[in-house]
Structure formats: C-alpha cells, structure tokens
Amino acid sequence: MDDWPRILRGSLRTPEQVAAFFGLPVGEIRKVARHFKTQITPYFAGLIKYKGDPIYRQVVPDPAELAADSGLADPLQEDADSPVPSIVHRYPDRLLFLVSHMCAAYCRFCTRKRKVGDPAKINPRYIEDGLDYIRTHKEVRDVVISGGDPLMLSDARLEFILRELRTIPHLEILRIGTRIPCFLPQRITPALAAMLRRFHPLYVNVHFNHPDELTPEANAALGLLADAGIPLGCQTVLLKGVNDDPAVMRRLMQKLLLARVRPYYIYQTDYVCGTGHLRTTVEKGLEILEALRGWTSGLAVPYYVIDAPGGGGKVPVLPKYVQAIDDKQVVMRNYAGETYVYPQTPNEPPPVPPKKSPRRERRIIEPCYDIVNVPPAG
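Taking the working numbering, the leading residue of the sequence shown gets 1, the next gets one more, and so forth.
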C-alpha cells in the first residue's frame, strides 16, 4: 500500500482520456471540464460496472451539469465567513482550515466547485495565514482540516501542519476530512497512520456514498487508521441514482460499522450550480432516515442534515416522532408507527401500551416531518 503516487499518476485527467475510457463524446466532456476539474483514479474507475451506475454518477462529467438550474456557486456562503483565504469560521468554537486544493478524484456534486482544483484559490502560501488566525482566536477549540483533500499532501507537509496546530494551547480537537480511503485507499500507509497517531485527540471523517465503495482495499485503509487509535466517522451525501434507496443506504451504514467507521452525517446535497440532476427531495431523505431508525442498530443511524443555503449552518432534519406534548404527557410514535405515551406528571398512572403488531416488514407510514433548529456538534 505504498505505491499510491504511481496509481495516482495513472488517473483519468483529460476529457480525451475520460471519453475514451467510457466511450463518451469527447466534445461533451470538454464542455463540462471547462467549468470543473476532472480526475478519476484508476482504482475508483475500476469499481464502475456500467455507464450511469452509482459509482459512475459521482465522478464522470455529465452534460446535465451545464443545465440551467437554481443552484448557487457558493451555496453555504463560505466566502462571507472567510477572514483569510484558508479559513472558514462560522461556528463559535470551531472552524474549517483549507490546506489543499487537490483531490484524488473530483466529485461532481462538490460544494466547493468554485475553488477546489484551483491553486490560486486554495494555496499553500495561505496556510501560515490560517495558522496565525487560529493562534489569535482563543475561542477556537476545534479545527477541521479540509480542502480539497488534506491527505493529498505529503506526509511531511501534513505533519508540519498538525505539529503547528498542536503548539496552539487553546486547541483541543483536530479533525481531518478526507475521501482518500474511498478514492485512493493505497495512500493510507502504515507510515501515514503512525504519523497521525502522534497528534491525538485526532479524528478522521471519511466520505463513502455507496456500499460498493467498501472494498477490501478501502477496508484495509480504514483498518490502518482505526488501529492507530483514530476515531472514524463518515459523512455521506444523499444523491439521486446513487444511494436514494433505503436498502442501499442501510447496507452502506452497516458496512461502515463493520469497517469500524461510525456513520456521522447524511447530507442533503448542497444547492450547488450544476447538481440538480443529483439532488433528491428532502422527503426522500426522511424516508431513508425512517428506514434506519429502529430497523438497524442505532450505531448505524447518522444525523440527516441540510447545510442551510445562505450560511445558516447544519440543521438536523427529523421525522416527527413526537405527536403531542404538554405538561401531563408526551405522545410519541415509534419506528413502526405505533403510538406510546410518556407521563410527565408525578404519580400519573402508567398508560396502557398499544397492542404490538406481529413482526413484519416495515409498513408505509403517513409522513409528518419536522425540522429541529438546534445547532449540532460539528
């Protein structure tokens, strides 16, 4: 697992290479490539079974990206919360530190399409400015290291950044956001894992969207990180034609747990220009969440969130399990649609539980949804 530079050099990078590999009209690929960088590692391309399959849709340029839609270049208004080019500071005690413009492969739904892949916008010369900003803002206790993908940096460069961050007294938590274990698992070497373990408490959030991405190679890479004592979480994006199916998403979450990765977020696809063909409805996300809660281990149930357009931050979206609440009682429905009562008054007689239905396949439940406006961690 130490030959990753050679594997990366074999990536599909040009419209001509992509068109030839997948049998596509090169003119269409060129048009899309003018707007957003293209790169697909040979490893990830090898997971594609047919044109338009869930792996294909994530990385192969699609003319639908050029269709007029109502998306935004910077839907999360990150630039407005960027006091220096490498920092996005939105939440009170944590911030995003952009240290690399490169990715091993480029997701067609990327929320930073406006700058990822462009060294003029995310550049190593801005790293020191970011470190200075963090040093002078003592309210910051948690830094998410992102980009691009920070694991595209050399071990030495990444180690320098982590070491500098660890000299800042008020910093408690370091997190790395990466899709490398999915796109280029060969990059996760024993040497990298040994280096990372020196900077605990360090967390790594990975990004997998489909169960077919949890290959033996990916599992081995995740195992190296887990064996180094690094807690692993997964941030999944809900995508039409990729994972907008309850059975697919449930299997993904279960396979993540088998790889010692805790499902953390399911993101509603950000409102980015050119991603309308990949966005689902929020109702679909809630249907999937209900197919997880109670129907598999609670460890396999992440938050379902919308990163609010306009810079409002992450808002968790939940099915409305609480049907009514007052001083006397809370009326709830469970995962199977059955109603239960929790008494809030002392000495209240216990409510009579409903007669349980026999074990069965999940019933269709009339949707009734609620958005809970509380800031989640991270």
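The hints are simulated quantities; they were obtained by calculation from the structure and are not laboratory data.
Only a predicted model underlies this, so the values are computations on that prediction, with no experimental measurement involved.
Ideal Cβ positions, reconstructed from N, Cα and C, are used throughout, including at glycine.
Wrong hints could be hidden among the right ones.
[What the hints assert, rightly or not] So the derived label-pair ranges between C-beta atoms look like this:
#1 THR296 <-> ARG197: 45 to 51 angstroms
#2 ARG141 <-> ALA80: 18 to 24 angstroms
#3 PRO83 <-> ARG34: 28 to 34 angstroms
#4 LEU171 <-> GLY27: 24 to 30 angstroms
#5 GLY311 <-> ASP69: 18 to 24 angstroms
#6 GLY223 <-> PRO5: 18 to 24 angstroms
[As the list claims (entries may be wrong)] The calculated PhoX-like cross-link candidates involving lysine-lysine, where the alpha carbons are at most 20 angstroms apart (straight line), are:
#7 LYS37 <-> LYS121
#8 LYS37 <-> LYS115
#9 LYS240 <-> LYS49
#10 LYS240 <-> LYS51
#11 LYS314 <-> LYS284
#12 LYS138 <-> LYS31
#13 LYS328 <-> LYS284
#14 LYS255 <-> LYS314
Going through the hints against the structure:
1. THR296 <-> ARG197: 45 to 51 angstroms: violated, 31 angstroms
2. ARG141 <-> ALA80: 18 to 24 angstroms: Holds, since ARG141 and ALA80 (Cβ atoms, about 23 angstroms apart) stay within the stated range.
3. PRO83 <-> ARG34: 28 to 34 angstroms: holds, 31 angstroms
4. LEU171 <-> GLY27: 24 to 30 angstroms: violated, 49 angstroms
5. GLY311 <-> ASP69: 18 to 24 angstroms: The hinted range 18 to 24 angstroms holds for GLY311 and ASP69, with Cβ atoms some 20 angstroms apart.
6. GLY223 <-> PRO5: 18 to 24 angstroms: The hinted range 18 to 24 angstroms holds for GLY223 and PRO5, with Cβ atoms some 22 angstroms apart.
7. LYS37 <-> LYS121: The given pair, whose Cα atoms are some 14 angstroms apart, holds under the 20 angstroms limit.
8. LYS37 <-> LYS115: holds, 10 angstroms
9. LYS240 <-> LYS49: holds, 17 angstroms
10. LYS240 <-> LYS51: Holds - the C-alpha atoms of LYS51 and LYS240 are around 15 angstroms apart, at most 20 angstroms.
11. LYS314 <-> LYS284: Roughly 18 angstroms separates the two Cα atoms, so the pair holds.
12. LYS138 <-> LYS31: violated, 46 angstroms
13. LYS328 <-> LYS284: Violated, at roughly 34 angstroms.
14. LYS255 <-> LYS314: Distance of about 25 angstroms is beyond 20 angstroms: violated.
Figure legend: structure checked against the earlier numbered hints; hints not met, in rising order: 1, 4, 12, 13, 14.
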